[in-house]
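Colleague: Here is how the chains run, residue by residue.
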Amino acid sequence: MPMAEEIFEEGRPIGVEERLANEALIVDVDGYEGPLDLLLMLSRTQKVDLRKISVLALAEQYLKFIDGAKELRIELAADYLVMAAWLAFLKSRLLLPPDPSEEGPSGEELAAHLAFQLERLQAMRDAAAKLMARDQMGRDFFKRGVPEDVQRVRKVTYTASLLDLMQAYARTKTRDDFRPFVLDRDAIMTLEQALERMRGLIGYAGDWTSLDSYLPEGWETDPAKRRSATAANFSATLELTKLGRIEIRQGDVFAPIHIRKKDQKDDG
Amino acid sequence: MTDNQIEQEESLFDAPPIGEQERMIEAVLFASAEPVTIKELESRMPHGCDAAEAMVHLRKRYEGRGVAIVRVGDAYAIRTAPDLGFLMQKETVETRKLSRAAIETLAIIAYHQPVTRAEIEEIRGVSVSRGTVDQLLEMEWIRFGRRRMTPGRPVTFVVTQEFLDHFGLENARDLPGLKELRSAGLLESRPPPGAMLSLTGEDDEENEDARGQSEMFEE
Amino acid sequence: MTDNQIEQEESLFDAPPIGEQERMIEAVLFASAEPVTIKELESRMPHGCDAAEAMVHLRKRYEGRGVAIVRVGDAYAIRTAPDLGFLMQKETVETRKLSRAAIETLAIIAYHQPVTRAEIEEIRGVSVSRGTVDQLLEMEWIRFGRRRMTPGRPVTFVVTQEFLDHFGLENARDLPGLKELRSAGLLESRPPPGAMLSLTGEDDEENEDARGQSEMFEE
Chain U
28 MPMAEEIFEE GRPIGVEERL ANEALIVDVD GYEGPLDLLL MLSRTQKVDL
78 RKISVLALAE QYLKFIDGAK ELRIELAADY LVMAAWLAFL KSRLLLPPDP
128 SEEGPSGEEL AAHLAFQLER LQAMRDAAAK LMARDQMGRD FFKRGVPEDV
178 QRVRKVTYTA SLLDLMQAYA RTKTRDDFRP FVLDRDAIMT LEQALERMRG
228 LIGYAGDWTS LDSYLPEGWE TDPAKRRSAT AANFSATLEL TKLGRIEIRQ
278 GDVFAPIHIR KKDQKDDG
Chain R
69 MTDNQIEQEE SLFDAPPIGE QERMIEAVLF ASAEPVTIKE LESRMPHGCD
119 AAEAMVHLRK RYEGRGVAIV RVGDAYAIRT APDLGFLMQK ETVETRKLSR
169 AAIETLAIIA YHQPVTRAEI EEIRGVSVSR GTVDQLLEME WIRFGRRRMT
219 PGRPVTFVVT QEFLDHFGLE NARDLPGLKE LRSAGLLESR PPPGAMLSLT
269 GEDDEENEDA RGQSEMFEE
Chain V
69 MTDNQIEQEE SLFDAPPIGE QERMIEAVLF ASAEPVTIKE LESRMPHGCD
119 AAEAMVHLRK RYEGRGVAIV RVGDAYAIRT APDLGFLMQK ETVETRKLSR
169 AAIETLAIIA YHQPVTRAEI EEIRGVSVSR GTVDQLLEME WIRFGRRRMT
219 PGRPVTFVVT QEFLDHFGLE NARDLPGLKE LRSAGLLESR PPPGAMLSLT
269 GEDDEENEDA RGQSEMFEE
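Chains as they are written, first to last, in the working numbering: chain U, 28 to 295; chain R, 69 to 287; chain V, 69 to 287.
Errors might be hidden in some of the hints.
[Claimed, not checked] Calculated lysine-lysine pairs in the BS3-like style (CA-CA distance at most 25 angstroms, straight line): (1) U/Lys289 to U/Lys269; (2) V/Lys247 to R/Lys128; (3) R/Lys128 to R/Lys158; (4) U/Lys118 to U/Lys91; (5) U/Lys91 to U/Lys157; (6) U/Lys157 to U/Lys74; (7) U/Lys79 to V/Lys247; (8) R/Lys107 to V/Lys107; (9) U/Lys182 to R/Lys165; (10) U/Lys200 to R/Lys128; (11) R/Lys128 to U/Lys182; (12) U/Lys79 to U/Lys118; (13) U/Lys97 to U/Lys79; (14) U/Lys79 to U/Lys91; (15) V/Lys128 to V/Lys158; (16) U/Lys157 to V/Lys165; (17) R/Lys158 to V/Lys165; (18) U/Lys157 to V/Lys128; (19) U/Lys97 to U/Lys118; (20) U/Lys182 to V/Lys247; (21) U/Lys288 to U/Lys269.
[Claimed, not checked] Pairwise CB distance ranges, derived in the manner of DEER restraints: (22) V/Lys158 to R/Gly141: 38 to 46 angstroms; (23) V/Lys158 to U/Gln73: 44 to 52 angstroms; (24) R/Gly141 to V/His115: 49 to 57 angstroms; (25) V/Phe212 to U/Val177: 24 to 32 angstroms.
Since the hints were derived computationally from the structure, they do not count as laboratory data. For every residue, glycine included, the Cβ atom is placed at its ideal position computed from N, Cα and C.
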């Protein structure tokens, strides 16, 4: 790319047309990814192996390029200017005979490192190109279109130790020991008991009958017993309704609940 | 133009050899998200291909393999061989402690077997949910015993050999008695729950009782 | 007991025959879109199976076919043969166009891994934008590696199995031109002259690190 040298030929007056073209180029330079990238582009003008590059010549090209850009009042990012300053320093080191009293690396060392950086960057670009030229998945080769997912089957096993078992038994027994009032359960009618009883009784309930009339004998007076039996009967009634054995109705909120046997022929 | 040249020119337009066509349909079936018809295969393949013919070869090639070419309607797909379905499952085993209701029910069955559900409820003081009994049955730690010769002929529950094996017992009679439990300090465990808790109804048997009943009405 | 009997008895507890194991890994590889490791295969196969051995057979079986068994890192996958890509327009996925910066950054990570952001910037001569790294992370082509044991403990980047899979690489050592780049000394991290003056303390560690990097690529 010989443009840089041609464009910024020193002292040569440039016409409007040429100037526009130059600006276009400089704007394009904005697209460079930093000074190293620009240096790499400029180095191509030398048409030699990057290992044999003349860093001095490259530094001069770069400085000329930057001067040219400044002349055209192109805003240059700071790192381009930093690199220019550094290259100016490098140039002076390379041109002057080495001063043994001076500290720091020699011009040759610095130049060698710059050459290495350029070569490495170029190598990475080539590698990236080779990588992207490979066969790629989803473009050149493909994976399975309908993968079958592995089903995670979670199996739960329950466990208990003998101690758990004995403690559990002890717990139920302790309850007995400390709770003579388990006898209170005399005043409790279970759902099963009520259900059993109701099943037998509804055979006779041809017409609407109040649920209260189903309370078993001896359970109507004691309030605790009555409460338990009513609740159990009511639950049993719901269960039987659900089973389609009886019908249930209530005229109003808190009104007595009535039930009657459901006609067998209505059964589905 | 020599014969050779003519042949070469013709071969430019010839379909690829059948082996090559087989490779093609193999790749398409593999990569396709849906079963592919012969027509679609041919539309994708170079001109003059015979996908149906290639399919015959491919299906034969996969006979008895880990995957098979199956026909789905008028399309084809690659599927796992049916006998290898087990490879597509990954079993994770999780061990959990038995719930308190379950372990108590189990203990009562072990100590009182054969025992009816009503008797278990009588001893525990709460109703036994069906889920609990089902769980123990499913674990094969309990099974049905003989029906009790009382009205209603209720079923009884007994513990199984698996139960004995799990707890390292030779016989359910080997279970320590109440006296031994007491001397082992297992009976002084804690004051009785229930009475005081019944008012709050929180997180104890009373609650469980309610759950047990409501379960009965579900289904 | 004759020898024959002994053999028969033993075979009851033996792993399935190798042909059967081959079918199994075939089924699992076909079912999975992602590469599967030998370890994972064996965890799904019956006890005593030798998935690596079965893999040797299976790979041979698929040589030259429309799909091939490929190795990705320490896992295996089935992929369609690259020469048949032209059949798959329908399956082709439009990959997001990567910027030049992203492609270069990716290549630098692949060839220099594990590599820090500062090292990438040193190679490219410009700062690496966060969007570039984020994009590569999001594509799951790169991931964080170990932190570098240098001041500041910077994170490093390495390429992933997805990256290898996408570019059909068995492992990072197979990157094109890697050997040449290494022998040309272009993968060394060479500090700029004069840098040692200010960073003497770091130097040893840096060197050790550099050795670690090149070791990664050696057999």
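Colleague: Taking the hints in turn, state whether each one holds.
Modeller: We went through each hint and held it up to the structure:
Restraint check for U/Lys289 and U/Lys269: satisfied, since their Cα atoms lie roughly 11 angstroms apart, inside the 25 angstroms limit. Under the criterion of a C-alpha separation no larger than 25 angstroms, the hint pairing V/Lys247 with R/Lys128 is inconsistent with the structure, at around 44 angstroms. Restraint check for R/Lys128 and R/Lys158: not satisfied, since their Cα atoms lie roughly 30 angstroms apart, outside the 25 angstroms limit. About 13 angstroms separates the Cα atoms of U/Lys118 and U/Lys91, which keeps this hinted pair within 25 angstroms; it holds.
Simply put, U/Lys91 and U/Lys157 have alpha-carbon atoms about 34 angstroms apart, too far for the 25 angstroms limit, and the pair is violated. Annotation: proposed proximity of U/Lys157 to U/Lys74 holds, straight-line Cα distance about 22 angstroms (limit 25 angstroms). A distance of roughly 22 angstroms separates the Cα atoms of U/Lys79 and V/Lys247; the hinted pair therefore holds under the 25 angstroms criterion. The hinted pair formed by R/Lys107 and V/Lys107 fails the criterion: a straight-line CA distance of about 41 angstroms is larger than 25 angstroms.
At roughly 14 angstroms between alpha-carbon atoms, U/Lys182 and R/Lys165 fall within 25 angstroms of each other, so this suggested pair holds. Between the alpha carbons of U/Lys200 and R/Lys128 the distance comes to roughly 71 angstroms, so the proposed pair goes past 25 angstroms and is violated. Taken as a hint, the R/Lys128 and U/Lys182 pair is broken in the structure, with Cα atoms around 38 angstroms apart against an allowance of 25 angstroms. Using a Cα cut-off of 25 angstroms, the hinted pair U/Lys79 and U/Lys118 holds, with the two alpha carbons roughly 17 angstroms apart.
For the given pair, U/Lys97 sits about 30 angstroms from U/Lys79 by alpha-carbon distance, which is inconsistent with the 25 angstroms threshold. A C-alpha spacing of about 21 angstroms is found between U/Lys79 and U/Lys91, which places the hinted pair at or below 25 angstroms, so the restraint holds. About 29 angstroms separates the Cα atoms of V/Lys128 and V/Lys158, which puts this hinted pair outside 25 angstroms; it is violated. As the CA atoms of U/Lys157 and V/Lys165 are separated by approximately 16 angstroms, the hinted pair is consistent with the 25 angstroms bound.
A threshold of 25 angstroms between alpha carbons decides the hint, and for R/Lys158 with V/Lys165 the separation of about 38 angstroms lies outside it, so the pair is violated. In summary, the hint linking U/Lys157 to V/Lys128 is not supported, as the alpha carbons are separated by about 29 angstroms, beyond the 25 angstroms threshold. For the given pair, U/Lys97 sits about 20 angstroms from U/Lys118 by alpha-carbon distance, which is consistent with the 25 angstroms threshold. Between the alpha carbons of U/Lys182 and V/Lys247 the distance comes to roughly 51 angstroms, so the proposed pair goes past 25 angstroms and is violated.
The suggested pairing of U/Lys288 with U/Lys269 holds, with an alpha-carbon distance near 13 angstroms, which does not exceed 25 angstroms. Distance hint check for V/Lys158 and R/Gly141: the Cβ-Cβ separation is about 19 angstroms, which falls outside the suggested range of 38 to 46 angstroms. Checked against the hint of 44 to 52 angstroms, the pair V/Lys158 and U/Gln73 passes, with Cβ atoms roughly 49 angstroms apart. In this structure the supplied range 49 to 57 angstroms is violated for R/Gly141 paired with V/His115, their Cβ-Cβ distance being about 39 angstroms.
Here the CB-CB span from V/Phe212 to U/Val177 is close to 27 angstroms, well matched to the stated 24 to 32 angstroms.
Against the hints set out earlier in the document, violations occur for numbers 2, 3, 5, 8, 10, 11, 13, 15, 17, 18, 20, 22 and 24.
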